[in-house]
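Student: So you can see what is in the structure, the chains are spelled out below.
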Amino acid sequence: MSPSRAPNEVERETGHGVDLWRVIASPIIWALHFLFCYVFVAIYCEKLGRPTDLTAAKYWVVAATVVALGAIGWLTLGIWRVRARSVTDNDFEFEHNSPEERHRFLSHAALMLSILSAVAILYVVIPALYLSTCR
Amino acid sequence: MHKSCVPFNTPAREYMGQAGRTWTGNACRFSLLALTAVWLAGCNTEQSALHPAGQDAAELADLFWFMTAIGAVVWCVFMGAAVYAILGKKAPRSEKFADRLVFFGGVVFPTIGLAALLVVGLALLPSWAEADTPDLRVHVTAEQFWWRIAYEAEDGTLVETANELHLPNGATAEFALTSTDVIHSFWIPPLGGKMDAIPGRTNVLRLEPTKEGVYRGVCAEFCGTSHALMAFPVVVHEAGEFNAWLEQQRQPARPAPGREAFDAAGCGACHIVRGISEEGAVGPDLTHFGSRRTIGAGTLPLTEANLEDWLIAPEHIKPGVRMPSFATLPDQDREAIVQFLLELK
Amino acid sequence: MTDKAEEEQQLAKVWETPKGWSILSDVNNSTVGKWYIGASFAFMLFGGALALIMRTQLAVPDNGLVSAQTYNQLFTLHGTVMMFLFAVPIFEAVAILILPAMLGARDLPFPRLSAFGFWCFIIGGVFVCGSIFFNSAPDAGWFMYPPLSTEQSGIGADIWLLGLSFIEVASIAAAVELIVGVLKCRAPGMHINLTPLYSWYVLIVAGMILFAFPPLIAGDFLFELERAFDWPFFDVSRGGDPLLWQHLFWIFGHPEVYIIFLPAIALLAMIIPTFAQRPIAGYSWIVLSAIGTGFLSFGLWVHHMFTTGLPAISLGFFSAASEAVAIPTGIQLFVFIATVMLGNVVRTVPMLYCLGALASFLIGGITGVMVAVAPFDFQVHDTYFIVAHLHYTLIGGMLFPVLAGVQYYYPFATGKTLSRKAGIWSFWLIFIGFNVTFLPMHLTGLMGMPRRVFTYGVDRDWGLLNMVSTVGAFIFAAGFLLFVWDCVRPKRKEPYAARNIWNAGTLEWVGRVPADNWGLRSIPQINSRYPLWDDKDLQDNIDNGRGLLADASEGRRETLVTSVLDAQPVQVLRVGTPTWLPMMAAIGLGGVFILATWKLWWLTLASAIFFLGVTLYWLWTGTAQIPEKPTKDIGDGRELPLYVAGPRSTGWWAMFITMTGDLTAFLSVVFGYFFLWTVNEHFPPQGVDGPGWQWPLVAAGLTLLTWGAMLGSRLTNAAGNVVLARSLIIAGIIGAVLTGLALMAGPWTTGLDPTLNTYNAIVWALVVWVIAHLLVGIIMQAYCLARSIFHRLTPTHDADLWNVTLYWHFVGFSGLLTALVIGGFPLLQ
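Chain order of the listed sequences is Y, Z and A.
Each residue of the first sequence is one higher than the last, beginning at 0 in numbering that gives the first Met the number 0.
Each residue of the second sequence is one higher than the last, beginning at 0 in numbering that gives the first Met the number 0.
Each residue of the third sequence is one higher than the last, beginning at 0 in numbering that gives the first Met the number 0.
None of the hints are false.
Here chain A is said to cover these stretches of chain Z; the calculated rule only asks that three of the stretch's residues, wherever they fall, bring their Cβ under 8 Å from a Cβ of chain A:
{"hint": "1", "stretch": "51-59"}
{"hint": "2", "stretch": "79-90"}
{"hint": "3", "stretch": "95-106"}
{"hint": "4", "stretch": "112-122"}
{"hint": "5", "stretch": "182-193"}
Simulated from the structure, these hints should not be mistaken for lab results.
Small disclaimer: the values here were computed from a predicted structure and weren't measured.
C-beta: ideal position from N, C-alpha, C; glycine also.
Using the sequences provided together with the hints, build the complete structure.
Tutor: As structure tokens, this is what we get:
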């Protein structure tokens with residue numbers, strides 16, 4: 000079940016191409032990013048005390064965000080470029096009985112989940128930009 | 000007890016213009032508010048978050064009405080669509096319509112709306128770090144099922160009292176909250192949000208009263224048998240009045256008749272009466288007990304009869320209380336103790 | 000007699016339900032599923048009765064109906080029962096009942112495991128509920144915050160803890176069953192994009208259970224170590240922290256809300272298209288938002304802890320995630336609306352309940368968005384506003400959809416129909432009663448009433464609002480009783496319902512009425528999401544046995560295993576037949592948990608041995624049996640294997656899934672270690688050196704050797720060298736024993752007393768966790784050795800060895816990580 004297959008090729012066999020792991024890749028990135036931000040800031044604030052200035056922590060959070068969004072973007076780009084058909088042909092039902100259709104369905108779901116994950120990541124960054132100390 | 004009805008004065012009206020425009024939305028919102036108004040009219044509002052008497056509480060009450068109004072519109076529109084789709088429509092709508100409904104209703108609107116709400120909410124998060132030092136610091140230790148309260152005087156000394164909080168109007172008060180046994184939560188609804196008092200930790204909460212009056216605080220986190228009976232009156236004074244009160248609380252108790260009965264019954268083993276008995280600190284400080292409004296941490300109004308009942312059967316009035324019963328004491332001794340305590344102004 | 004009739008007789012004989020008392024030994028999904036649903040609803044009624052007592056107590060101020068102590072037990076048990084004995088189990092119950100039919104399977108892959116889970120649930124549930132009749136129910140609220148629960152609660156806290164741990168076993172068993180069921184037991188041709196939405200939700204929720212329940216199990220583990228042996232994880236005087244429990248509890252507790260909500264919404268996703276008489280409008284929207292909700296729901300837990308004094312920025316993160324989760328949740332609701340917009344809606348009772356669900360849940364959702372704003376939560380947290388909010392989400396998001404599901408699936412499950420009139424009456428009673436009860440509570444909370452108070456003073460002026468709520472509660476209860484009566488009233492004389500009574504499109508409705516135990520007469524090829532609408536010959540083909548696996552000529556219960564994505568048939572799986580073993584095993588395990596409550600350690604040990612014996616007998620006689628022939632013709636000329644080992648087998652995946660959950664629990668204990676590090680200035684505390692690095696290093700080395708031995712044993716066995724494989728297993732057993740000793744040697748030789756401070760306690764907790772797993776691993780190794788010696792495990796039939804090796808991958812990793820953490824981390828400071 001490897002996510003990186005030759006481009007422009009829709010694998011016919013079961014278990015190749017965009018699979019279930021690929022679908023949840025972006026949400027997993029969201030989860031890692033979220034966990035990193037929370038755990039990092041929690042330890043930072045607990046160990047340095049409440050009046051501490053957050054600027055240093057903010058850089059880390061922003062860096063993590065850039066990395067996470069980059070990773071999601073990279074994944075999305077792959078899906079978008081290779082499976083262009085699945086997002087541009089205006090048929091979002093994916094109800095046909097073939098491996099290609101299954102494939103297009105999964106890439107569509109993966110793509111939309113990437114967008115949702117990116118939005119959720121951006122949401123999480125808002126408080127980091129807003130607050131200035133550990134209080 | 001103080002009982003005042005603040006007129007139904009809600010900032011929701013300010014928001015009415017901003018919210019949705021459909022007649023159903025308006026109808027729903029008006030009926031909701033009208034219904035609420037009926038309920039709220041003529042109630043005891045000492046403990047109401049919707050009748051703010053403090054900075055935070057006022058902002059949060061505004062936020063509540065604002066969010067409720069928008070929520071009501073969202074609900075009406077959504078349910079209107081559902082009922083229309085099931086009962087009202089003449090023929091099925093087009094696929095394109097459905098796609099747009101999901102995209103705009105389910106994706107675009109919530110994404111933008113929730114982001115906006117998040118920003119509004121964060122703006123209300125307490126920004127104590129930027130604020131100046133507070134005007135008053137109060138140490139509150141929650142215990143099962145009462146409150147140990149100590150004011151930091153200007154010279155840094157602590158003035159100990161219990162179960163009744165006094166605050167100067169218009170000044171920021173910072174509370175350092177902790178607990179000696181289980182988790183409690185310190186909440187004065189008309190003044191602002193709550194904060195937990197957790198053993199081993201000291202949490203900080205700031206409140207700024209904006210209106211004089213008597214309010215009521217409670218324990219909000221379940222803390223055991225008599226969680227329901229762990230409250231305290233909150234008196235907001237004009238600043239000068241508050242200082243006078245604090246100065247008076249700082250004084251030791253004046254000797255009063257009945258002290259022998261108090262000592263003989265062993266009350267001093269648990270209760271401090273500064274200047275008279277300074278041994279035990281297990282129970283609430285009683286130095287100026289007679290000046291307080293309630294007994295049993297907000298459980299009963301302080302009257303002679305109630306105090307006598309309390310001494311006879313505290314467990315009956317407040318299950319799980321640590322105070323033992325003094326029912327076996329001779330009546331005249333108990334009477335003497337009651338008189339002594341009431342004299343501790 | 001024709002061939003077809005003979006086939007049908009074979010099926011009937013093989014899948015026959017045991018008669019008389021023996022029916023209790025049944026394991027078939029349709030029987031166990033119905034029991035499960037019935038039991039969940041019985042617990043629900045019990046929880047509801049508790050609620051009515053509470054509402055009566057609160058109807059007027061200063062009421063003395065029940066004492067404070069009783070009231071505290073009532074609300075604790077009410078929450079516990081509704082959450083753990085109704086909301087989560089009903090999901091498992093409904094899924095067990097309808098999933099196989101929906102997927103075109105004859106049964107779930109591990110029917111005996113379902114039965115085991117069911118019996119665990121019953122025993123644990125009765126144990127927890129029964130406690131209130133002895134005035135010893137848990138009384139610290141359903142989330143059991145220490146130190147109140149650890150230091151002041153009586154035996155109720157242990158009952159809560161052990162009873163629920165036991166029920167969590169049932170949940171994880173169900174999760175294993177359902178994940179494997181959805182992924183591997185779909186009818187041929189049911190590609191992942193054609194899988195019914197309900198199954199998608201089940202898959203997602205079962206996956207969530209694997210990551211949500213284990214933190215609570217870890218929390219329970221620490222909690223009980225503190226209660227029973229005074230190991231101070233939550234005691235501040237010895238370096239512990241009560242917030243550790245709150246984190247572990249809510250890491251479970253918030254996803255749990257979605258674990259409850261998603262499968263209920265899944266029922267709507269089946270019902271609404273049926274009555275709109277058209278496919279769902281936006282299948283992929285639903286799938287992706289369900290997955291998204293599943294993930295985001297793990298980022299919300301701190302919103303239950305907004306007032307614990309965490310830094311504002313932490314609140315901000317969780318506030319953000321709590322708002323974000325509303326997006327995918329909303330998408331699902333809009334898809335439902337879009338679907339009805341596109342269809343010609345049939346007005347039925349289930350649709351009425353769906354509408355009630357949307358109306359109520361939406362209010363809960365809106366107040367949910369409100370309380371996700373942290374400052375607003377400061378006001379309403381722990382008040383009746385929250386009580387109202389959570390009941391709107393749970394009753395709107397779960398109870399109404401489940402009732403819709405009961406109305407909808409009743410003909411499927413029983414073959415009879417419910418009364419339309421009673422359905423409408425009960426709906427309006429429930430809906431009105433519910434709103435009258437809970438709508439005013441928003442206001443009661445804002446007027447200052449905290450939750451969990453056994454009484455309130457007359458001068459608070461909350462009397463009217465509370466009285467209204469109480470009246471509403473009784474209307475609600477009346478509606479519910481009417482609903483239940485309609486379901487259980489005798490219907491012997493009534494005719495059977497028509498086949499596919501709602502004209503639905505999904506596969507579960509193709510079956511005959513009354514339903515056959517074996518599910519479908521033959522397993523069809525599926526070509527669309529709504530095969531009954533799209534393939535008019537489907538029913539005829541199935542009935543006439545023109546599908547796959549139409550016979551049971553070997554006299555075994557069989558179902559088809561297909562590939563994960565495209566559902567190509569890969570194996571014929573032989574599933575378990577009726578037996579008493581699951582019930583015996585559940586009694587044994589129940590004994591362990593229940594006897595431990597009273598610290599009857601010898602009886603506990605005896606019960607554990609009984610459980611172990613039964614389980615081993617069950618595995619020995621019932622799993623990984625070498626079939627009489629290697630392959631079987633499934634009916635279209637394809638020969639599929641009867642025995643599969645390794646990653647292609649269902650058993651391997653079951654082990655993988657179980658151990659994923661187990662690993663999550665272990666990582667939660669590791670989280671505990673680092674959490675306690677963050678809250679303590681000195682960790683290890685001053686004057687304590689920790690277990691040293693030498694013994695942990697030895698333990699790490701031994702772990703690697705043991706792990707390697709097991710892997711080597713599998714490889715050599717597969718290569719045909721049975722003697723070497725057996726020797727390696729023996730080496731593995733010795734290695735495991737030595738690993739355990741070396742792990743203990745660290746804290747032992749350095750004299751770490753676990754009752755002294757929290758550092759010592761958490762080090763020992765990690766060691767104890769791994770040692771427990773080593774013990775189980777040793778039993779597994781010995782089992783493989785015995786299987787090999789008795790020729791039940793051979794180079795070509797080595798499923799047991801595959802699974803045990805997989806287990807050792809996880810244990811090896813846990814052992815290494817433990818050695819690294821306890822030995823290595825102190826060196827970093």
